[in-house]
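Following the hints, position chain B against chain A.
The listed protein sequences correspond, in order, to chains A and B. Using the numbering used here, the first residue of the first sequence is number 1, and each one after it goes up by one. Using the numbering used here, the first residue of the second sequence is number 252, and each one after it goes up by one.
Don't read these hints as lab results, they were simulated from the structure. Quick reminder that beta carbons are idealized off the backbone N, C-alpha and C, glycines included. Any given hint could be a false lead.
[Said to hold, decoys possible] Derived DEER-like restraints, expressed as beta-carbon distance ranges:
| hint | chain 1 | residue 1 | chain 2 | residue 2 | range |
| --- | --- | --- | --- | --- | --- |
| 1 | B | Glu351 | A | Ser55 | 46 to 54 Å |
| 2 | A | Arg59 | B | Gln272 | 24 to 32 Å |
| 3 | B | Thr350 | A | Asn195 | 15 to 23 Å |
| 4 | A | Glu155 | B | Lys364 | 20 to 28 Å |
| 5 | A | Lys193 | B | Glu282 | 41 to 49 Å |
| 6 | A | Ser244 | B | Ile409 | 32 to 40 Å |
| 7 | A | Ile151 | B | Asn458 | 51 to 59 Å |
| 8 | B | Glu282 | A | Arg84 | 28 to 36 Å |
| 9 | A | Ser55 | B | Asp344 | 48 to 56 Å |
| 10 | B | Asn253 | A | Arg59 | 32 to 40 Å |
| 11 | B | Asn414 | A | Arg84 | 48 to 56 Å |
| 12 | A | Ser244 | B | Asp286 | 51 to 59 Å |
| 13 | B | Lys364 | A | Ser192 | 18 to 26 Å |
| 14 | B | Lys364 | A | Lys245 | 26 to 34 Å |
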Amino acid sequence: MLKNRIIPCLDVKNGRVVKGINFVDLQDAGDPVEQAKIYSDGGADEICFLDITASNENRDTIYDVVEKTSKKCFVPLTVGGGVRSVEDINKLLNCGADKVSINTAAVQNSEVVLESSKKFGSQCIVVAIDAKKNADKWEIFTHGGRNNTGINAIEFAKKMEDSGAGELLVTSMDRDGTQVGYDIELMSKISSKVNIPVIASGGVGNLDHLVDGIKLGKASAVLAASIFHYGKHSIKEAKEYLDSKGIPVRI
Amino acid sequence: MNVIIVDYNSGNISSVVNSFQEVAKDKVNIEVTSDLNKIKSSDKVVLPGQGSFKSCVDALNNISGLVDTLNEFAINNKKPLLGICVGLQMFADIGYEETETKGLAWIAGKVSKIDNQNGKFKLPHIGWNEIKIVKDSKILNGIENNPHMYFVHSYEFIPEDKNVISTTTDYSTNIVCSIEKENIFGTQFHPEKSDKVGLKIIKNFINL
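Bound conformation, chain A alone (with noise of 0.2 Å):
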């Protein structure tokens, strides 16, 4: 049977993790690579890499941490932030990451993901999706959430299936950092109208968060960041917790 995933996000801006794993034992708790290493030797079923760096100057620093982490972690590589270009898509995976996943870039011009997803297959393309609720709709927002395009979410998550996004990482803008959970609405509506699996993102704050996204919301994946990084909850709690609540994953 297959498992349903949990993926550890971490934010990396200028080569470093920005909300870290809180663990006294790290020589270096800004590195992205240990840290990455850390959540895979504790059975993280992926790792999410979310670039944040802001200048120009500095973007190049994702490579270097991307190349670093593929040596040393065997699990799937997920990087997402900034990525524009079908050249930005070959440069991380030439670097090792195992998938790549646009946002801005794809709501911007659909053609990025067309393109990609035929040039290196759509086993590496996600696209994600950030939505905020408007009245009895969502809609996606870019940039990191600055600019509402007023685009329907769901149309959209339909529409990046046909044009060969391989997964969705699907993320509620509303309960993004709210820690109160995911918006399950949002999750079910989008999974039941693709055909590709959803990654469910955004609210985390405890372990019941995670079963709902996959109970409820239809989630073949859950992703989660500060619930790992503070040392509240380890990788191995969650993975049990899930089977505890009769939900298959990988132990």
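Just chain B, lined up with the frame of chain A:
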């Protein structure tokens, strides 16, 4: 010993290279190339493959003499070869992804889309799934039954002779996960992304 990972522009092979280098350390020489003479003189060959069946077959054919060299290596000289993902699928006679495309025809069979049972099963089949060992295989030495392996694919290899199948997994149907036919090995899953068990399989292949 020399192990060649065939670089034929089949997409992203850096993870395959990293995992083989991790296992080989300094004891075994891992080389990434499409140089025909180097392939001929190597001890083992790894054939990765990402993207579609058609794009991989086209990429193989685009390098003049490569298919003949691989045939000589694996079929005539019977030296060990490991195909990964589409690398395994290309062993078949024919594939149906994008359009009907001829494969290497090393193992009789076809590559067809996984039956998603009207949307009941999401495709691609992405993630960790348990494999079931149905036959002993040298690359599975020391691996206990039902380990989890990492998959990313929408098409499956259906060999005519079921005796070549060494592991299967349950996703819509019993999907072929690995095969062994004499000196030819293949995995549908990605050993390079399957954590410790995956590295063990790579080690077994290197140590053949």
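Now the hints, each set against the structure:
1. Glu351(B) x Ser55(A): 46 to 54 Å: Since Glu351(B) and Ser55(A) have Cβ atoms about 50 Å apart, the given range 46 to 54 Å holds.
2. Arg59(A) x Gln272(B): 24 to 32 Å: 27 Å, holds
3. Thr350(B) x Asn195(A): 15 to 23 Å: 21 Å, holds
4. Glu155(A) x Lys364(B): 20 to 28 Å: The hint (20 to 28 Å, Cβ to Cβ) holds, given that Glu155(A) and Lys364(B) are roughly 26 Å apart.
5. Lys193(A) x Glu282(B): 41 to 49 Å: Roughly 46 Å apart at Cβ, these two residues keep to the hinted range, so it holds.
6. Ser244(A) x Ile409(B): 32 to 40 Å: 38 Å, holds
7. Ile151(A) x Asn458(B): 51 to 59 Å: 53 Å, holds
8. Glu282(B) x Arg84(A): 28 to 36 Å: Between Glu282(B) and Arg84(A), where Cβ atoms are some 34 Å apart, the hint holds.
9. Ser55(A) x Asp344(B): 48 to 56 Å: 54 Å, holds
10. Asn253(B) x Arg59(A): 32 to 40 Å: 38 Å, holds
11. Asn414(B) x Arg84(A): 48 to 56 Å: 50 Å, holds
12. Ser244(A) x Asp286(B): 51 to 59 Å: Since Ser244(A) and Asp286(B) have Cβ atoms about 54 Å apart, the given range 51 to 59 Å holds.
13. Lys364(B) x Ser192(A): 18 to 26 Å: Taking Cβ atoms as reference, Lys364(B) and Ser192(A) lie about 22 Å apart, which means the hint holds.
14. Lys364(B) x Lys245(A): 26 to 34 Å: 33 Å, holds
Comparing the model with each earlier hint shows no violations; every hint is respected.
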